[in-house]
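Take the two lone chains, each set in its own frame, and fit them into one complex as the hints suggest.
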Amino acid sequence: MENFEYFAPDSLDALPGLLSRKRERTMVLAGGTDLLDMLKERIVKPEKVINLKGIAGLKGIQHGEGVRIGALTTIAEIAADAGLKREYTVLAQAARSIATPQLRNMGTLGGNLCQRPRCWYFRGREYVCLKKGGSKCFAPEGLNKYNAIIGGGPSFIVHPSDSAPALQALQATVHTFGPQGEDSIPMDEFFELPIDNLRAENVLEPNEIITAVSIPKPAPGTRSAYIKFREKQSLDFAISSVAAVLEMEGSRVRDLRIVLGGVAPIPWRSQVAEDELRGKKLSDETIRRAAEAAVSEAQPLSQNRYKITLTRNLVARTLHQLAAQG
Amino acid sequence: MAKWKSLKDMSILSTAYPRLDGMDKVTGRAQYTSDVRPAGMLYGRLLTSPYPAAKVVDIDVSRAAKLAGVHVILTNLLEGKAVRYAGQPVAAVAADTPEIAADAVDLIRVKYEKLPFAADLDSAMQEGAPRVFSDRENIVAARRPTQKGDVDAGFAAADVVVDATFRTQVQTHSCLETHGSMVEWKGEDLYVYDSTQGVHSVREGLAKNLGISPAQVHVICEHMGGGFGSKLQPGFYTAHAARLAKKAGRPVQLMLTRKQDFLSAGNRPDSLQKLKLGAKKDGSLVAFSGTTWGTAGIGRGARVRQPFIYEIPNVYAEHHDVYTNAGAARAFRAPGCPQASFAMEQLLDEVAEKLNMDPLDLRLKNETNATRRKEWKIGAEKIGWQRRRKTPGSDSGPVKRGLGLGASIWWPGGRGTRATMTVFPDGKVEVRCGTQDIGTGTRTIVAAIAAEELGIGLEMIRPLIGQSDFPYSGGSGGSTTAPSVAPAIKNTSEKAKAKLAEIASGFFGASPEDIIFENGRVYMDKSRKKSMSWQEICQLLETQPITVHGEWVEGLSSAGVAGCQFAEVAVDTETGAIRVEKVVAVADCGLVLDRLTTESQVNGAVIQGVSYALYENRLMDPITGTMINADFENYKIAGALEVPEIEVVLFDEPERGVIGIGEPPTIPTSAAIANAVYNAIGVRLRSLPMTPDRVLDALYAQPVTRKED
Ligand SMILES: Cc1cc2nc3c(=O)[nH]c(=O)nc-3n(C[C@H](O)[C@H](O)[C@H](O)COP(=O)(O)OP(=O)(O)OC[C@H]3O[C@@H](n4cnc5c(N)ncnc54)[C@H](O)[C@@H]3O)c2cc1C
Ligand code: SF4
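Chains A and B supply the protein sequences, listed in that same order.
Counting along the first sequence from 1, when you hit position 149 you're at 149 in the working numbering, and nothing is skipped either side.
In the working numbering, each residue carries its 1-based index in the second sequence increased by 326.
Next comes chain B alone, as it looks inside the complex (with noise of 0.2 Å):
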């Protein structure tokens, strides 16, 4: 089985390097997709249904389609005419500047017959509500439900049992570049650059959608401003784009407006939970019941993830997806996940609570993971959880603070990825493989394995990703990309080297299997007595560069992530203001490929935590049933003052290989989080996200200081 060097041999990998397309997005000079405007290329906009239920009537574009500079207009982008959420696309124009083009979606005259609707996930629930599929029930049951042992009898035993309701919101992607794609027909051939996580599913689902075959697609994405899963599948809007830019006969540019985006590039799912949890007196966890709603608008996949990390031996739990006139959910960083943390650890903490036990402790208790078991240790040692208040709201004064603690977990691994890797006479090497830079660092880590490979420096490396041209590698989710592309990259390097060894046995008169790549050298062995640089074997190559075709490989990467989260807060009672002053992130990540891009994930990922935790909320109103809050101003995120300081540890263990670190460390947040806003003032609140008005509420609900007992 291939074995990565061991760490003390690595001159590059594990070691800490600026990405390589940083400069290039800090100074403007990188390329997104709405960057590229070939000549000629006309501005797509798309018209939106205002309405979250109703009939389309009639489209009548006669005023539209006068306005000058107006190219092309479509009115069958929806199926059956049926508008299922406010926010639809109903309608596209093709124009020569993106004003004109709004202005002929504004004289688009649509005839609605408005219907009745449920936009939220209460109104969806309630007796006779208005139903999104007129085929269906709002309620559906995703799956069969979780069983495992009797949990009547688990809850007979248990010393002590809990039940709480508890709810999470829908959070949207809110990437900073909106969705959109820039399409271009040469021929028969249609060139798509995307903003996307995924240029081979795309090729392949616009295909199909277009009729075409996927040899005639290609999909470039250089760059892109942030996925988190909901650019992972192909666009409606690229499809849009490419019948509009079919008809125009020029090349059309489609983002959705920052409206558009939030109404339908994806989202979060919300959820209410309903759970029970029973356990001994000693902590050890017997049983665990729950009953989960969420709603992914009218899609699927809301499910929550329960009983999370926790492996109880009787354990019943059902979820229902419940439809909603409200756009369809999407992946998003660790589906499932942060919802079912949220609940679980807070549950998990009363159970300490009514046990006087430590919440640490209790976690110990019942953890079956080696690696958390040493995370927990390191992460309560790092935030000092002996400081952890004993009374929950004991301090004085109306600043109080608390500690809390969260696990992550994480499954997949990731594999599957090609490469192609050209090695040229002037020593220059060109990488190719089919994945894309998500913003996670990627390009820079396909460069990094061939230079470690290689024995040479980063500067000689010409990473190409972000193309459907080059060979395949998976979309960038579930954390795959890093497992299944480096084991690639570094196979294909091998090849690379086997085929220059052979050159440099000839020269020296040695055998290949001793030669050595190091510090842009070949060494004739290890005696390093005979050597070369690296130009110098290249140049053996004369006119022909040496080409070869490497794959993912076994041993180089594996799955299964765990992880562990601390938080401390500060909570003005008198204003309702959680502060988070600091997080403590514990992160498993096998071979730690760059420490600074790895670092930065964990970061990002410990932001969009506290984001969701006290911050994001999409908000439908009941009137119309359309978001309100789909702009930057009322759908708040947190920005530069609300980050905490944020303690990466990096939990390495390089036996196991390359893991996927991009989701985990966003699991446990919210919930230590809560967990510490508890040990702050004594009041628990049991909905996301934890703003002012709720912890407001909830604290003149009761006695601000509780008493000791």
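Pulled out of the complex, with its shape left as it was, chain A reads as follows (with noise of 0.2 Å):
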């Protein structure tokens, strides 16, 4: 890696002042399972980095009207905790689907909403594509069986994280801290497309950090899961995701949120399929049908189109899975 000039701040107080406005002149740094790697890669350059692991109050799950995760609290913590596995399960089923169990102990929350694409060409550094500055992506006549089938181009990443899908799904918000002082963000609006952000994954300004993550307390009759899929079960990232959140009154399904990690760009939200089964029951149709809507948005690129049937099929997987609870 290259040389860079390192902080250890023990309060927010001093963030505004380390901080830059350029995007990759100064960086956080949490557990640094994914920093580290992007250093020694030398894909970023950073000429300062600040560790946030000396700032007090940014750790620990808070169970009250709610939940609230500090952006430093571990996976591990995230999926060990009993009230998260009870209420919020799609959350801590999700933690425990990440990497390994070092990683999971390294890693953080806020890292992990923030990581960076795991796109193999953003990955190499002898690849300068789109996203690094480039003047093309190589994915579509490249090798892209792990690339966006939803929401791609002109990048193709799909989002790595586990633990957004289901944030998303349970409707959570980001608190973030910048020279602006706190300020909370959807969910649903924190991670943006690469059509309109290329050089990063979210609307996280450079010199904001988040330091939470809260979860409104779900209404009664929730159901929630997550299903991942991976090659292997030792180590991966998801080839493809569904967190579901199912509000149920009596067999109906009132509400929910089904939202898709590992084949877009972002955490797909697929309301086309939430509309399938709003105000419905669950049945082998409704199911099937809202199987179906979470892909026809999908366009795959030459060597993903599998990741369609697995989408479908994952999807009607899930909500088999939460229609047995009942």
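Honestly, the hints are just simulated from the structure, not real lab data.
Glycine residues also receive a C-beta, built at the ideal position from the N, C-alpha and C atoms.
Don't take each hint at face value.
[Claimed, not checked] With a cut-off of at most 25 Å between alpha-carbon atoms, the simulated BS3-like pairs for lysine-lysine come out as follows:
(1) B:Lys708 - B:Lys606
(2) A:Lys40 - B:Lys585
(3) B:Lys437 - A:Lys132
[As the list claims (entries may be wrong)] Away from chain B, derived, C-beta distances all over 10 Å, residues of chain A:
(4) Ser11
(5) Arg25
(6) Leu29
(7) Leu35
(8) Gly66
(9) Val203
(10) Asp236
(11) Glu249
(12) Ser283
(13) Arg288
So, in structure tokens, the structure goes:
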């Protein structure tokens, strides 16, 4: 990696003075499981790295009217929290599916939401693709079996986070801190498509950080689940995943959110799939229709058509599983 | 002819005992190549070409040379300035720290003239493809075709004929310890700490490369983290390290980075196989024809061993190596065999289906090996072959199960090893043998054989191996190590025993031939009336240890291995995921020296076979001609959760002596899995690896459940 200046402030107040408004000049460090890789591969070359771990108040899970999770809470803590497992099942399951025990012990929630894409062209320093300021995206003509089938263009990354689809399905809010002080952004508005923002994956300004994520208390009758498909069980990102939260009223679905992971440049909330089920009963037929709808927007590249079949089947599987919980 | 004791007389050999250096390995005490760091050592690093085909026009090291901590930069690594694969070394630096070395490499400016490339099999085989070597075609016939009988007549006489095209992928060795060396000049002598499968071959090769005498080269490999064939030959990195060290006047460590290891340190060639097989109604195979291609990158040796194990009267098989702009292949656990097995065993199953015959019966019908004939039956019973679905794909529900099988084979024995043994007056015994332990447990069996022969405990033996200054032994490849080393150690031990027997006979007043060494004691004769302890007889040596030399002798080992495997899989037809639930591996092993390490070899081979069947795949980017997945995130290898239940059946035939076990059990795994997948879903997967995208594509092109007929 290149040399950089290292800072370890102990309060948020120090951040505005340290963080630059210019992207990639300064970077924050949490667990480092992603940032260190990027530094070593020289994909990013910041002048300053600011460690957040010494800042008080950014860690921990507080249950109350809903739940608030500090940005520096580890993925392992989220996966193990009894309250989350009980009431926010989709999140606990998503956390449990991330990477390996070592990485879950080091990686944090804030870092998981802000991790950079895994597209192999992006990660290889010899490929100067669009996302890195180059002139073309390599994916369409190149090797694209893991790339996006929905929402792609001009970059076809998929968002790698497992926690993000779960949080979005739970209607979470991201709390931030920047030069203007604190702010809150609903998860539905946190991520940005490449067409709107090519060089970053979310709306955070370079000099802002995530301080916490809060989730409203689920309505009575809520069931949720996260199903992730990966090529192998030991350490793998999602090829496709489904976060589903159903608010049931008797046997009817009063409201729901279905968010897909691993298939689009952002966690993909499938409103068309939700529309197929809202107000209806869960039956083989409604589930089939919702699953079809979830992939109706898909436009595969040359090697990832299978992800359509896969995602359709996963949506159906998740909904069948939740239906069986009734 | 020499003979092993009978099993019932053995107290160590043929039992299960842990490897001697296991504790050192798991506690981190074991010293691997990169752990050897003498004072003043520098860190070497290679600059490699990012382009698959190019000419180096200029190398500017001025900025790198100015970097504090940089000692030497070499810019003459390429012969003739031609780059033929991405990852080919171009320049090398030695610096005070690994970080400075990496920075220095980054500061070297190389001007390349980029050239058109063909980085994978298909593009290299195309009409008008860029040539990898300007003076040669890309497609070259490997050797004369294999011909036997009359193929046309054979097919004409066949009742059923099947033909199909199969593909297997390039697999990289992916040794946990990357390739590398630490070298140190001491005067005219060069000391090389190397992660190698052949301390002697490195000595010879390196001496030649550097133009010095092998007598000046001392190669040492105490422990190593995997080789699988890729570390049999002297490494280019060792030669570069030696030059850096010479110029710097300091020791130099040069380990390849993981990415360099993927690109330049060897692989198993891929294959494209167009095969045809004919059989009579009764199942006897009558004709085979096949054309195969495969790429060993810029190297040679992609041959697919067809028609695999099958003895067929009429055969025509031709093979072509195809040059590509990619790193050269190297020997990889049973070269040429897993490719052949994957295709041929599926073809046999297709014949069986057409004949409405059980695939196992078809194998038995054509089996010519007496050992394997017994093994088929054992394996079938262990897996519960009668549970195999009569109609493929007939399970209800999305997850469908199936059973499949495949055979294995291996040829070489091993010979040529020499050893010395010194018995010290305090009773300790040192064995020196220039073999090396590549993780298979060689060190442990060296000690165990000596202990068994001398009738003393393992703790009395100091097995010294892994040095080219020790008596000659060959490279650890071709599953030859145990059959080559074990007889030599036994022979050496016998010679030591003979010397001690003379001393004992003088002491007891008995005949030397009658002396018995057993349970840490030396007995006068069968009557066991008079005896002394091992320590007592060794004390009689006073100040003069005895040293004897021994060598490989006939009769204690043999060649030729047969085996078979059965797999049970569960295929999730909604996701395309294949889960291998169980593998029964029947391994032909002659005399088992250590049941634990033998089983461990079979386990490892099956795991590597599962990984080959389902996950591993070197992917070449068509745009840049580089390997896109040169990391352990995207070059997928079976992890702990992918490992099936493995039932190892050691089919021992002690009367055959020691045979090699390392390679054969990796051969049939992918075939057994592929046949099981067909049995589960009724759709054949003819390409490796059998990844979910391929399973889904295959399934959704056809109805999931086959029509019953
Ligand atoms: C081998 C491997 C496998 C993985 N598998 C999975 C997987 O299956 N599923 C999955 O979801 N993830 C996976 N990951 C990603 C992993 O979960 C993330 O690396 C981790 O969660 C990031 O957390 P961190 O604290 O280590 O982040 P860091 O590496 O410290 O930071 C990551 C990025 O986020 C920024 N950042 C960190 N914290 C904040 C903050 N509070 N505010 C603003 N920006 C911030 C950093 O500047 C950096 O750009 C995997 C990673 C690896 C290396
Ligand atoms: S998908 Fe995005 S990251 Fe990948 S090559 Fe295209 S632009 Fe680069």
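Taking the hints in turn, this is what the structure says about them:
1. B:Lys708 - B:Lys606: 30 Å, violated
2. A:Lys40 - B:Lys585: 13 Å, holds
3. B:Lys437 - A:Lys132: Holds, at about 23 Å.
4. Ser11: 32 Å, holds
5. Arg25: The claim holds: Arg25 of chain A sits with its nearest Cβ about 20 Å from chain B, beyond 10 Å.
6. Leu29: The claim holds: Leu29 of chain A sits with its nearest Cβ about 18 Å from chain B, beyond 10 Å.
7. Leu35: Fine: 16 Å to the nearest Cβ keeps Leu35 of chain A off the interface.
8. Gly66: 34 Å, holds
9. Val203: 27 Å, holds
10. Asp236: 7 Å, violated
11. Glu249: 29 Å, holds
12. Ser283: Its Cβ never comes within 10 Å of chain B, the nearest being 18 Å, so this holds.
13. Arg288: At roughly 13 Å from the nearest Cβ of chain B, Arg288 of chain A sits farther out than 10 Å, so the non-interface label holds.
Hint compliance for this structure: hints 1, 10 are broken, all remaining hints hold.
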